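Peer 1: Chains as they are written, first to last, in this note's numbering: chain A, 12 to 344; chain B, 12 to 365; chain C, 17 to 309.
Misleading hints may appear alongside valid ones.
[Unchecked claim] Below 25 angstroms or equal to it, Euclidean Cα-Cα: the simulated DSS-like pairs (lysine-lysine) are:
{"hint": "1", "chain 1": "C", "residue 1": "Lys32", "chain 2": "A", "residue 2": "Lys215"}
{"hint": "2", "chain 1": "A", "residue 1": "Lys85", "chain 2": "B", "residue 2": "Lys210"}
{"hint": "3", "chain 1": "B", "residue 1": "Lys301", "chain 2": "B", "residue 2": "Lys350"}
{"hint": "4", "chain 1": "B", "residue 1": "Lys218", "chain 2": "A", "residue 2": "Lys85"}
{"hint": "5", "chain 1": "B", "residue 1": "Lys74", "chain 2": "B", "residue 2": "Lys325"}
{"hint": "6", "chain 1": "B", "residue 1": "Lys210", "chain 2": "B", "residue 2": "Lys180"}
{"hint": "7", "chain 1": "B", "residue 1": "Lys208", "chain 2": "A", "residue 2": "Lys85"}
[Claimed, not checked] Just some of the chain B residues that point at chain C, by a computed CB distance under 7 angstroms:
{"hint": "8", "residue": "Val53"}
{"hint": "9", "residue": "Thr80"}
{"hint": "10", "residue": "Gly236"}
{"hint": "11", "residue": "Asn253"}
What the hints contain is simulated information worked out from the structure, not anything from laboratory work. It should be emphasised that the depicted structure is a prediction, and the values quoted were computed from it without experimental measurement. C-beta: ideal position from N, C-alpha, C; glycine also.
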Amino acid sequence: MEAGALSNPVLRARRNLTDRIGEPLLRGLSGLAAALAVAALVGIAYEVIDLARPAISEFGIGFLTTNDWNPVSKDFGAAPFLYGTVVTSLIALVIAAPLSIAISIYLTELAPLRIRRPVATLIDMLAAIPTVILGLWGILVLGPFMRDTIQPALNDVLGFLPIFSGDPSAFSYLTAALILAIMATPIITSVTREVFETVPGDLKEASYALGATRWEMVRQVVLPYSRPGIVGATILGLGRAIGEAIAVAQVIGAAYTIHLSLFHTGGTLAAQIASQFQNSAGLQKASLAYLGLILLVFAVIVNVVARIIVQRGHIKDGPDVDVDAALTEAQAL
Amino acid sequence: MSKRLLSALIAALALAVGVAACGSSSDSSSSGSGGGSNSPLVGAGSTLVAPLMSKWQSDFASKSEITVTYGAIGSGGGIEQITSRTVDFGASDAPLTEEQFEEADEQGEVEQIPWALSGTVPAYNVSGAPKGLKLNGEVLAGIFLGDITSWDDPAIAKLNPGASLPSTKITPVYRSDGSGDTYAFTNYLSTVSPEFKSKVGTSTQVKFPTGIGAEKNDGVAAAIGQTDGAIGYVGLAYALSNELSMPLVENSAGEFPEPGVKSVEAAADAVTKIGPNNEISLAELPSSAKGAYPISTYTYVIVPLESEKADEMKKFITYAVGPDGQAYGPDLDFAPLPKQVVAAAKQAVAKIGG
Amino acid sequence: MADGSHALLLDRGNLKRRNRVNRVVEIGSSIGAVIAVAVLVIVVGSVVLKGAGALSWHFLTTPSGLFGDTSGGMANALVGTLVIVAIAAAIAIPVGILVAIYTTEFASSRFAHPIGFVLDVLNGVPTIITGIFVYGLLVAGNKPSGFAGSVALAIVMLPIVARTAQEVLTLVPATLKEAAHALGIARWRTILRITVPTAAGGLITGSLLAVARAAGETAPLLLCNFIFAQGVLTDPGEGLASIPLFIFQSSESPSPEAHTQAWAAALVLIAFVLVLNVVARAFYARSRKRMGA
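The shape of chain A in the complex, shown without the other chains (with noise of 0.2 angstroms):
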């Protein structure tokens, strides 16, 4: 191959030894650096099931349905914590979808071209923006708010229902859900913009033709073909909820059993962690990491269901939708 380039002297001057090391070189420690990465991965997941060991073999798998988190009596249960991530997630992605996908209509379809940059890197930014911040804003502002004037609110019209009865509480699942919305939001519009912009432009000047009116547009033609993108980019969503440890701890109080009130203090699996890791010892810091164990567990199933979905969700003739290019776009990775 490279015999007609080395008949010329000049260049087979250069074969020297730097050479001859160099690749090797390169290739090893490139080689090295990716074995770190794996090993990184693998050692998580190790160092987690190691410190969660005590507590697997004293509670089983029964620790993921018992509602108790008894530090006395050395009851340790998930199902609390479980609970408090599972309806934290779900309503902060009935907010953030929907309005997700409003955003993303509009990006594509609605604003005057001028504006559409600007705009999107507004709300990429807000993917941006520490986590800690958001506890912060969510201590003192929003959890006030929320105390004095939405959750009376939600009382006086809906407090029939057990979710909306209660006590209004600065500090409740209701307040750490919405902080969960505001992570959620820019991930799924990210995303969600990048796969309606592969939706062929000749399909939708079909539409048209026809006589839809935009919306008819969107409906008959970006939504059912960016259908498995959507999904995807919600999962997408999800993962970053449940994983969130620091300002949900900020803004959800504490508990140790399950509560159907929204207004109330509650858990969530990696607040859970955050509060209590530090202090605590023997049987309850493995339960901790067993916790942590059932977080990382969900968390990983969830990104990877996510990433396949929006990677295999297009339509045959359709390009591939980079995840990761829409993922940097949002400076959510």
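Assemble chains B and C onto chain A, guided by the hints.
Peer 2: Quick look at chains B and C alone, frame taken from chain A:
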């Protein structure tokens, strides 16, 4: 082929060098810290003692060139960190249980030494309620058990004849992290209320049946301040410095003493017996104790007998329990250690470093 | 077209209704965008309004006060974060770029695909779990330290750097690489002297985004670097104060002065993160243009 082999060898070599470098640096850091007074004494634990600790830190550094770094993560955290030896000393308001001693002794015997004396006080925030509301152990237990739910409950009214009490709902606030204040408070409640003892128990972290949890003394104080109708418990220094309203709690002599240095001191003077491992409980006071605050508590330092920092720890604890360290106490609402406790502490300190 | 199956699109006289529905949806979408931008403005606005007042030279250069003393500042947290993030970047950026080089240049697709998968999974690991891992690895049996925090942050940064680098390196036109090969230039030289510099814009983007992310991460520091002295320290072997933990702890305090300090520190952090993001985007746009993507 040979290129691949060569690159694999290079990778392995780089890895080996990296691991060796990590290994030797951790070795050198652990042996280097033994000799020099350059690396600080690292401690963690009780938030109750934190205000006093911060004065000790700066004063001790100027007197001895030894820096003390402290992380106020709660007594539970202090116990855990010293057990796993990630810190040089742990600070806890809750004395170690037998089980905890066993675990801590796994890496070498530890010593528990009382070094400060203060109290855990209830604090409340109820608009429309009078200042200095009178409460007793049973009522407090009832509140935290969820049996007493509004401020105009007859049990409270009985203790405060003539006072106008709002019908606001009571929101108990408790520590969600491992806390010596929780220990002191639950110890007291378990002593005065058998129902509390069986339903909740005494520990640094308990499952309260009702109310909202917050982290650390700061968090509880903040939650109380933000919630109308709230009552929680915090370290005495926090209540006083944040100007929280404190109820007057009935003591074993039937009095309602002002929480403060004087009443804490009276409580300490009433209990002269020092338990094993220097544990002293002030929850059960004799009825002869006049003016004694019923929820007073000692706070302890837990330190390994043998360690590389043994000499520095000895100096620090001697300073803390001595006149220099204790002098900072009263301004921060810590009572001076009684003589017999100082003596016991000094005896224990002598054991450090073998 | 006159086929009755396209009933919707024939003029059945319901055009007004359809237009009205359309209008409602259009307004709804616009409102959605307005809400999102409004939230951003409210949050950042709160930080600016409440924090700007406390931001002073004194605040930036004085270490934080001891417990209860809010007359101090954030100097130790500022220096601590700079040290921790710098070390994390020094670990994550070279390793991340090397991983990307490996998967794009050297690895067969049998290896490249799984490694990409590993990076994606690593990306989705909640940072509190990364904190548990590094706690077990470096803190247990040792002590909380800035270095442990850096390692945890490096693991968080790695997938960001590596994935962006991968993307950018694959976009380097094959013609450049083929030309170099035809001239007999060794592969490693091509990579280091041609491919990487061409992709530099995107590599910088990934690095800046990763740094911005690391500067704001709290959970790993909460587990690995949570005990620190009050003075301004730079030794990563000891516990170092950090801006996210400063904000976290001040936010849970009852005193309004501590809250103001939290806002001020938040302002510094947000400014840093947003500037990095804007610069990163600029590099990203430039690098895509350069490679005609």
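Peer 1: Evaluate each hint against the coordinates.
Peer 2: Now for the hints, and whether the structure bears them out:
With a C-alpha separation of about 22 angstroms, the suggested pairing of lysine 32 of chain C with lysine 215 of chain A holds against the 25 angstroms cut-off. Proximity of lysine 85 of chain A to lysine 210 of chain B is assessed by CA-CA distance (about 14 angstroms); at most 25 angstroms being required, the pair is judged to hold. For the suggested pair lysine 301 of chain B and lysine 350 of chain B, the alpha carbons sit about 19 angstroms apart, so the restraint of at most 25 angstroms is met. For a cut-off of 25 angstroms, the pair hint linking lysine 218 of chain B to lysine 85 of chain A stands: about 10 angstroms separates their Cα positions.
Between lysine 74 of chain B and lysine 325 of chain B the alpha-carbon distance is near 14 angstroms, which keeps this suggested pair within the 25 angstroms criterion. The straight-line distance between the Cα atoms of lysine 210 of chain B and lysine 180 of chain B is roughly 22 angstroms, inside the 25 angstroms bound, and the hint therefore holds. Between lysine 208 of chain B and lysine 85 of chain A the alpha-carbon distance is near 16 angstroms, which keeps this suggested pair within the 25 angstroms criterion. Taking 7 angstroms as the C-beta contact cut-off toward chain C, the hint placing valine 53 of chain B at the interface holds, the least distance being around 6 angstroms.
Hint on threonine 80 of chain B holds. Least Cβ distance to chain C is approximately 4 angstroms, under the 7 angstroms limit. Hint status for glycine 236 of chain B: holds, given a least beta-carbon distance of 5 angstroms to chain C, under 7 angstroms. Because the closest C-beta pair between asparagine 253 of chain B and chain C is about 5 angstroms apart, less than 7 angstroms, the hint holds.
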